[in-house]
Amino acid sequence: MNHSVVSMDATMIQTKGLTRHFTVKKETVEAVRGIDLHVRRGELVALLGPNGAGKSTTLRMLTTLLPPTSGTAEVAGHDVVREQAAVRHRIGYIGQGNGAGHTQRGRDELVIQGRCYGMGRKAARARADELISALGLETVADRTVSTLSGGQRRRLDIAMGLIHAPDLLFLDEPSTGLDPQNRANLQEQILNLHTEYGTTVVLTTHYLDEADSMAERVIVVDHGRVIADDSPTQLKRDHAGDRITLTAGHTDDARRVADRARRSAGAEVTQSGTSVEIRVLGAPQLLPGLLVDLANDGVTVTGAEVARPTMDDVFLNLTGRSLREGGAEPADAGADGGADGGARAAADADGRTTQNQEIAA
Amino acid sequence: MSTTVAARETNTALTGTAGPNRRRPSLLHDTGTVFVRELLPVLRNPFSVVFTMVQPLVFLGLFGPLLSDFPGTGEGSALQWFVPGIVVMSCLFSGAFTGSNLLFELQTGSHERMLVTPLRRSALLIGRALKEIVPMVMQTVIIVAVCMPFGFELHLAGAALAVLILAVMAVGIGALSYSLALASKDQDWLFWTIQQTLLFPFLLLAGILLPLDNGPGWLRTLGDINPLTYVVDACRLLFNGEIAAAGVLQGAGAAAFLAALGLLVGIRSMRHST
Ligand SMILES: Nc1ncnc2c1ncn2[C@@H]1O[C@H](COP(=O)(O)OP(=O)(O)OP(=O)(O)O)[C@@H](O)[C@H]1O
Ligand SMILES: [Mg+2]
Numbered sequence: 001m002n003h004s005v006v007s008m009d010a011t012m013i014q015t016k017g018l019t020r021h022f023t024v025k026k027e028t029v030e031a032v033r034g035i036d037l038h039v040r041r042g043e044l045v046a047l048l049g050p051n052g053a054g055k056s057t058t059l060r061m062l063t064t065l066l067p068p069t070s071g072t073a074e075v076a077g078h079d080v081v082r083e084q085a086a087v088r089h090r091i092g093y094i095g096q097g098n099g100a101g102h103t104q105r106g107r108d109e110l111v112i113q114g115r116c117y118g119m120g121r122k123a124a125r126a127r128a129d130e131l132i133s134a135l136g137l138e139t140v141a142d143r144t145v146s147t148l149s150g151g152q153r154r155r156l157d158i159a160m161g162l163i164h165a166p167d168l169l170f171l172d173e174p175s176t177g178l179d180p181q182n183r184a185n186l187q188e189q190i191l192n193l194h195t196e197y198g199t200t201v202v203l204t205t206h207y208l209d210e211a212d213s214m215a216e217r218v219i220v221v222d223h224g225r226v227i228a229d230d231s232p233t234q235l236k237r238d239h240a241g242d243r244i245t246l247t248a249g250h251t252d253d254a255r256r257v258a259d260r261a262r263r264s265a266g267a268e269v270t271q272s273g274t275s276v277e278i279r280v281l282g283a284p285q286l287l288p289g290l291l292v293d294l295a296n297d298g299v300t301v302t303g304a305e306v307a308r309p310t311m312d313d314v315f316l317n318l319t320g321r322s323l324r325e326g327g328a329e330p331a332d333a334g335a336d337g338g339a340d341g342g343a344r345a346a347a348d349a350d351g352r353t354t355q356n357q358e359i360a361a
Numbered sequence: 001m002s003t004t005v006a007a008r009e010t011n012t013a014l015t016g017t018a019g020p021n022r023r024r025p026s027l028l029h030d031t032g033t034v035f036v037r038e039l040l041p042v043l044r045n046p047f048s049v050v051f052t053m054v055q056p057l058v059f060l061g062l063f064g065p066l067l068s069d070f071p072g073t074g075e076g077s078a079l080q081w082f083v084p085g086i087v088v089m090s091c092l093f094s095g096a097f098t099g100s101n102l103l104f105e106l107q108t109g110s111h112e113r114m115l116v117t118p119l120r121r122s123a124l125l126i127g128r129a130l131k132e133i134v135p136m137v138m139q140t141v142i143i144v145a146v147c148m149p150f151g152f153e154l155h156l157a158g159a160a161l162a163v164l165i166l167a168v169m170a171v172g173i174g175a176l177s178y179s180l181a182l183a184s185k186d187q188d189w190l191f192w193t194i195q196q197t198l199l200f201p202f203l204l205l206a207g208i209l210l211p212l213d214n215g216p217g218w219l220r221t222l223g224d225i226n227p228l229t230y231v232v233d234a235c236r237l238l239f240n241g242e243i244a245a246a247g248v249l250q251g252a253g254a255a256a257f258l259a260a261l262g263l264l265v266g267i268r269s270m271r272h273s274t
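As given, the protein sequences belong to chains A and B, one line each in that order.
Here the numbering used here is used: the first residue of the first sequence is 1, the next is one more, and so on.
Here the numbering used here is used: the first residue of the second sequence is 1, the next is one more, and so on.
If you're looking for bench data, these hints aren't it; they were derived computationally from the structure.
Be aware that one or more of the hints could be misleading.
[Stated by the list, open to error] Below, in silico cross-link-like pairs of lysine to aspartate or glutamate (DMTMM-like), each with a Cα-Cα straight-line distance of 25 angstroms or less:
| hint | chain 1 | residue 1 | chain 2 | residue 2 |
| --- | --- | --- | --- | --- |
| 1 | A | K25 | B | D186 |
| 2 | A | K122 | A | D167 |
| 3 | A | K16 | A | E43 |
| 4 | A | K16 | A | E30 |
| 5 | A | K16 | A | D230 |
| 6 | A | K122 | A | D142 |
| 7 | A | K122 | A | E138 |
| 8 | B | K185 | A | E27 |
| 9 | A | K16 | A | E138 |
| 10 | A | K16 | A | D36 |
| 11 | A | K16 | A | D79 |
| 12 | A | K26 | B | D213 |
| 13 | A | K16 | A | E216 |
| 14 | A | K16 | A | E83 |
| 15 | A | K26 | B | D188 |
| 16 | A | K16 | A | D229 |
| 17 | A | K25 | B | E153 |
| 18 | B | K185 | A | D230 |
[Stated by the list, open to error] Have a look at the derived ranges for each label pair, beta carbon to beta carbon:
| hint | chain 1 | residue 1 | chain 2 | residue 2 | range |
| --- | --- | --- | --- | --- | --- |
| 19 | A | R262 | B | D186 | 52 to 58 angstroms |
| 20 | B | L261 | A | G320 | 28 to 34 angstroms |
| 21 | B | W189 | A | D142 | 53 to 59 angstroms |
| 22 | A | D142 | B | P216 | 54 to 60 angstroms |
| 23 | B | W189 | A | Q181 | 39 to 45 angstroms |
| 24 | B | G32 | A | S149 | 31 to 37 angstroms |
| 25 | A | D142 | B | G32 | 18 to 24 angstroms |
[Claimed, not checked] In silico negatives: residues of chain A with every beta carbon more than 12 angstroms from chain B:
| hint | residue |
| --- | --- |
| 26 | K16 |
| 27 | R40 |
| 28 | A228 |
| 29 | L294 |
| 30 | T319 |
| 31 | G320 |
We treat Cβ as the ideally placed atom computed from N, Cα and C, and that holds for glycine.
Kindly produce the complete structure, drawing on both the sequences and the hints.
And the structure:
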């Protein structure tokens, strides 16, 4: 065993020009195009991107399931092509599909999974029991998998991926199909794994809020390329400001609101009718002063709203497309006549800025 | 209960107290693990072995009675000639069908999950193929038990040897069926089309339903190059208690050929499985 690799070196994943092409009906699909990735031991990373961005393909290469077309990847200190067995021993993988066989029973699958990793019969059984109670599967563990609900099956998958307590865990859309409560539970469990045991976690997600709230680092993937890689806070700071929406009683007042707002440093202001939208950093700090100034000017503001940027705003800004609206479609430029580009206009079209949007499939 | 406490309990459970065994298990251990996994649903639901037996049993009940005094079916009762063939047919059908289980797992993600574990690729195939022996034995016992009240004579030693040969054949047919599943991947139709297209010609050309002795020359030639023919002949000899016959060796050889071919192709396909 190569001691320098896992224990001393802080690198958990290192890829260079990782590329994967598929040939479908004589046409080449460039699923992943030269990804350079560096993940340190103990990081929690989310790969965020629309359908077909290449998230699963990337994960499948990192987990030895798929040989790269070109480029290299070292995972847990071992090359994914030349040292597959060593990589497999050190990682856990929870794929996008269902890991448990439909004709099997959950508990049987868990024990078998442990045996696959070389655990003894007794140890595997004890570990299965632990995970069954940790994931709340007591009542269904001895049923045939095909009779479980989607969420129960998903939790069983998670349990299987954790059976050997891997140092590095890959999860492909772990919370898809879970109800909000189970999603929250799962997120908490993943976070615990990460914070208290230093497990390195790489997950892909369709949930914008999941990437936002869970990951320390979000890697935005689009068309097989990494287009941004930073902490959610930094990404939002760099790629999307806060948004203040002020409503005035008259269009005239609205114009005066807009004029006043333009004096704030870095503010992008758009007026439409009686409503004024201000894109700016640090909106919560800015707004009280702005309202006082406007009151002093004798302008009546009838409504004020502050929205913090979402990961969707970030994606929108980076690509001009909304992740939420299904990704691949270009945003409808100028949908509501917005002055600052089609992307933003599309984001505003449905007026929702909550952070709980699921990317439409 | 406070949430923090619950989370903490959860924690230890999630990471576990003992790390995994980092020493790579042997091929035998890997194969055993896969074998047990495949066997568990059969043990949990033994009735499932009957599903693939429907056709052989229909032929036994509705076709067998037509065979009395049919030329080429031997001197004894037609049952004595027909039953060994039905046993081979049942083994052939259940083996050919088994790939569909893998086909399904290829599509759901169960197979992918197994591929990420340190299990050897060869074990993934061998373990599955070896499991075919179990339903084959169960089915043979059922067929023989059903036929004995109707005058089928059991020669125990010969029957045991026949089961041994059939076990080897079951591994081969199972492995070939798995190879077909791996090649078909997400194209169900491909699997079923090829499987159904091959199944009946092999069945008929092995002289299972009717003897080929009086058929045209080309048909007999095709029968002669069908490995199943030799397995069927060997089983007929053995179930009649004729252990020391040359045909027995030929049957064993044909079964071994099928097993070798199946494992070779199957392990190759499994290695390329993604
Ligand atoms: N086995 C395959 N054969 C052919 N094309 C493939 C294969 N796997 C993936 N692709 C293609 O590669 C591209 C990336 O697919 P991938 O599954 O990695 O996307 P993803 O980001 O995981 O999407 P999703 O969010 O829908 O899961 C897609 O265009 C897809 O059609
Ligand atoms: Mg995917």
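Results of checking the hints against the structure:
1. In summary, the hint linking K25 of chain A to D186 of chain B is supported, as the alpha carbons are separated by about 15 angstroms, within the 25 angstroms threshold.
2. With a CA separation close to 22 angstroms, the supplied pair K122 of chain A and D167 of chain A stays within the 25 angstroms bound.
3. Under the criterion of a C-alpha separation no larger than 25 angstroms, the hint pairing K16 of chain A with E43 of chain A is consistent with the structure, at around 19 angstroms.
4. With a C-alpha separation of about 16 angstroms, the suggested pair K16 of chain A and E30 of chain A falls inside the 25 angstroms cut-off, and the hint holds.
5. Taken as a hint, the K16 of chain A and D230 of chain A pair is honoured in the structure, with Cα atoms around 18 angstroms apart against an allowance of 25 angstroms.
6. The straight-line distance between the Cα atoms of K122 of chain A and D142 of chain A is roughly 18 angstroms, inside the 25 angstroms bound, and the hint therefore holds.
7. Only pairs whose Cα atoms come within 25 angstroms are accepted, and K122 of chain A paired with E138 of chain A is accepted, the gap being roughly 19 angstroms.
8. Distance hint between K185 of chain B and E27 of chain A is fulfilled; the C-alpha atoms sit about 20 angstroms from each other, no more than 25 angstroms.
9. Proximity of K16 of chain A to E138 of chain A is assessed by CA-CA distance (about 44 angstroms); at most 25 angstroms being required, the pair is judged violated.
10. Restraint check for K16 of chain A and D36 of chain A: satisfied, since their Cα atoms lie roughly 5 angstroms apart, inside the 25 angstroms limit.
11. Restraint check for K16 of chain A and D79 of chain A: satisfied, since their Cα atoms lie roughly 12 angstroms apart, inside the 25 angstroms limit.
12. With a CA separation close to 49 angstroms, the supplied pair K26 of chain A and D213 of chain B exceeds the 25 angstroms bound.
13. Between K16 of chain A and E216 of chain A the alpha-carbon distance is near 22 angstroms, which keeps this suggested pair within the 25 angstroms criterion.
14. Proximity of K16 of chain A to E83 of chain A is assessed by CA-CA distance (about 17 angstroms); at most 25 angstroms being required, the pair is judged to hold.
15. The hinted pair formed by K26 of chain A and D188 of chain B meets the criterion: a straight-line CA distance of about 22 angstroms does not exceed 25 angstroms.
16. As the CA atoms of K16 of chain A and D229 of chain A are separated by approximately 16 angstroms, the hinted pair is consistent with the 25 angstroms bound.
17. This hinted pair does not check out: K25 of chain A and E153 of chain B have alpha carbons roughly 58 angstroms apart, beyond 25 angstroms.
18. With a CA separation close to 38 angstroms, the supplied pair K185 of chain B and D230 of chain A exceeds the 25 angstroms bound.
19. A hinted range of 52 to 58 angstroms holds for the C-beta pair R262 of chain A and D186 of chain B, which are about 57 angstroms apart.
20. Distance hint check: the CB atoms of L261 of chain B and G320 of chain A are about 56 angstroms apart, inconsistent with the given range 28 to 34 angstroms.
21. Taking 53 to 59 angstroms as the suggested C-beta distance range, the pair W189 of chain B and D142 of chain A does not conform, at roughly 35 angstroms.
22. With their beta carbons about 58 angstroms apart, D142 of chain A and P216 of chain B fall inside the hinted range of 54 to 60 angstroms.
23. Taken as a hint, the range 39 to 45 angstroms holds for the pair W189 of chain B and Q181 of chain A, whose Cβ atoms sit roughly 40 angstroms apart.
24. For G32 of chain B and S149 of chain A, the hinted distance range of 31 to 37 angstroms is satisfied, since their beta carbons lie about 32 angstroms from each other.
25. A hinted range of 18 to 24 angstroms for the beta carbons of D142 of chain A and G32 of chain B is consistent with their spacing of about 23 angstroms.
26. The beta carbon of K16 of chain A is kept farther than 12 angstroms from every beta carbon of chain B, the shortest such distance being approximately 22 angstroms.
27. The claim that R40 of chain A lies off the interface holds: its Cβ sits roughly 19 angstroms from the closest Cβ of chain B, which is beyond the 12 angstroms cut-off.
28. Annotated as non-interface, A228 of chain A keeps its C-beta farther than 12 angstroms from every C-beta of chain B; the closest such distance is 28 angstroms.
29. Every CB of chain B lies more than 12 angstroms from the CB of L294 of chain A, the least distance being 44 angstroms, so the non-interface label holds.
30. Separation of T319 of chain A from chain B is adequate, the least Cβ-Cβ distance of about 29 angstroms exceeding the 12 angstroms criterion.
31. G320 of chain A, annotated as away from the interface, keeps every beta carbon of chain B farther than 12 angstroms; the closest lies near 33 angstroms.
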